[in-house]
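2 protein chains.
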Amino acid sequence: MNAAPEKALVLLSGGQDSTTCLYWALDRFGQGAVSSIAFDYGQRHRVELECARRVAADAGVAHVCLPIDTFAALGGNALTDATVEVDDRASADSGLPNTFVPGRNLIFLTYAAAYAYQHDIGHLVTGIAQTDYSGYPDCRQATIASLQETLRLGMESDVHIHAPLMQRSKKETVELARDLNALDAMRLTHTCYNGRRPPCGECPACRLRAKGFAEAGIPDPLLADP
Amino acid sequence: MNAAPEKALVLLSGGQDSTTCLYWALDRFGQGAVSSIAFDYGQRHRVELECARRVAADAGVAHVCLPIDTFAALGGNALTDATVEVDDRASADSGLPNTFVPGRNLIFLTYAAAYAYQHDIGHLVTGIAQTDYSGYPDCRQATIASLQETLRLGMESDVHIHAPLMQRSKKETVELARDLNALDAMRLTHTCYNGRRPPCGECPACRLRAKGFAEAGIPDPLLADP
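Listed in order, the protein sequences are those of chains B and U. Here the first sequence is numbered in this note's numbering, starting from 1 and rising by one per residue. Here the second sequence is numbered in this note's numbering, starting from 1 and rising by one per residue.
Bear in mind the hints are in silico, worked out from the structure with no lab data behind them. Take the hints with a grain of salt, since some may be wrong.
All copies of an identical chain are treated as equivalent in the list; a pair is satisfied when it fits inside any one copy or across any two copies.
Here are the simulated SDA-like pairs of lysine to any residue, each with C-alpha atoms no more than 25 Å apart in a straight line [what the hints assert, rightly or not]:
hint	residue 1	residue 2
1	Lys7	Ala73
2	Lys7	Ala72
3	Lys171	Arg196
4	Lys7	Ala145
5	Lys7	Gly75
6	Lys7	Leu74
7	Lys7	Gly195
8	Lys7	Ile161
9	Lys171	Arg44
Because the structure is a prediction, the values reported are computed rather than measured.
Make the full structure from the sequences, and use the hints.
Printed below as a string of structure tokens:
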């Protein structure tokens with residue numbers, strides 16, 4: 001059994017939630033103890049990966065990006081396949097939106113745990129949340145608790161998975177970002193499903209983000225005049 | 001919750017154990033209900049992937065091979081890095097042999113589960129075993145039971161993971177292959193860590209295989225005169 005050094009690895013997608021988590025980790029573990037990881041899985045919007053790099057650089061944390069070509073081979077979903085239209089309504093047969101890659105977050109977290117194992121990092125931090133419920137079963141608390149147990153058994157580690165946004169609404173996440181002095185960094189993040197900068201404002205991701213900032217009574221720095 | 005159709009996906013590495021499992025699955029689920037999957041993760045011995053294809057074709061089952069480039073990016077282990085010498089003795093610091101990719105079987109099984117989900121396959125079959133103990137924590141029954149629960153939660157499925165060799169010694173695996181009429185197929189398999197055909201006979205994998213056949217009192221078809 002390995003000890004769990006007080007170092008943390010943040011799964012950083014370049015979006016609002018994972019950026020908030022990066023600042024949560026910095027607050028909890030301290031500068032120098034935090035690094036970040038992104039995954040290049042062939043996402044249509046390459047801007048996400050660049051946003052993750054910029055957010056990490058701006059926060060002064062080391063950042064790695066691991067390639068995942070397997071998702072493209074599994075094929076046929078809207079997030080990686082430019083021929084499939086985004087449809088955030090649940091599909092009739094599966095009850096899940098077609099942006100769903102089965103077990104996507106299990107894969108991300110398992111790779112992050114492997115990287116953490118190799119680098120003596122005991123804490124993983126992910127921005128997934130079961131509030132603002134999106135239909136993704138791999139974002140639920142029960143799944144993450146089970147995965148943590150699986151990773152501990154399968155890697156003989158005592159890795160911790162932290163999901164500080166799990167029970168927070170988008171409004172509460174915006175308030176957390178404010179409390180952690182992470183609002184400035186929101187300027188660097190990417191949320192829009194349509195890959196636009198400035199964001200389209202119309203897609204479900206833009207609308208959910210706007211709703212969170214509106215309910216918190218805080219202007220979205222991404223939308224501020226430069 | 002999806003139903004679990006009585007179809008099975010065998011994780012087929014091209015080795016003795018997974019080939020035995022393919023025949024176990026054919027015996028249990030029937031021809032036409034079984035397919036197989038392999039993973040091209042940059043293994044040094046490409047012959048394994050060709051063996052998996054041949055074993056599947058010989059058994060008359062559909063076969064897919066998914067690329068995994070992420071392991072190479074995680075880097076620095078003997079199975080994927082030709083610059084690292086194979087050393088099957090546990091390394092001093094981790095207590096694990098340096099052929100260990102942290103969580104490798106968790107990744108394989110999660111990808112297999114994603115593929116199975118997409119193809120309405122309810123059963124995964126893996127050749128991993130906790131006997132002839134190799135030091136791999138991701139090969140233990142407790143890990144696999146926990147992973148099954150994680151996959152069920154994370155994919156909202158009732159996938160079953162079968163590990164028919166889990167409690168079997170190499171001798172018992174050879175006897176199972178005999179009972180399933182899978183011995184002929186052993187001619188097509190690959191075991192040697194040094195990637196040799198005919199096998200080197202000297203590496204730990206060759207020695208373990210030879211011990212199993214010897215204890216079962218059955219000649220290894222791979223070593224028979226052509």
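Report the numbers of all earlier hints that the structure fails to satisfy, in ascending order.
7 and 9
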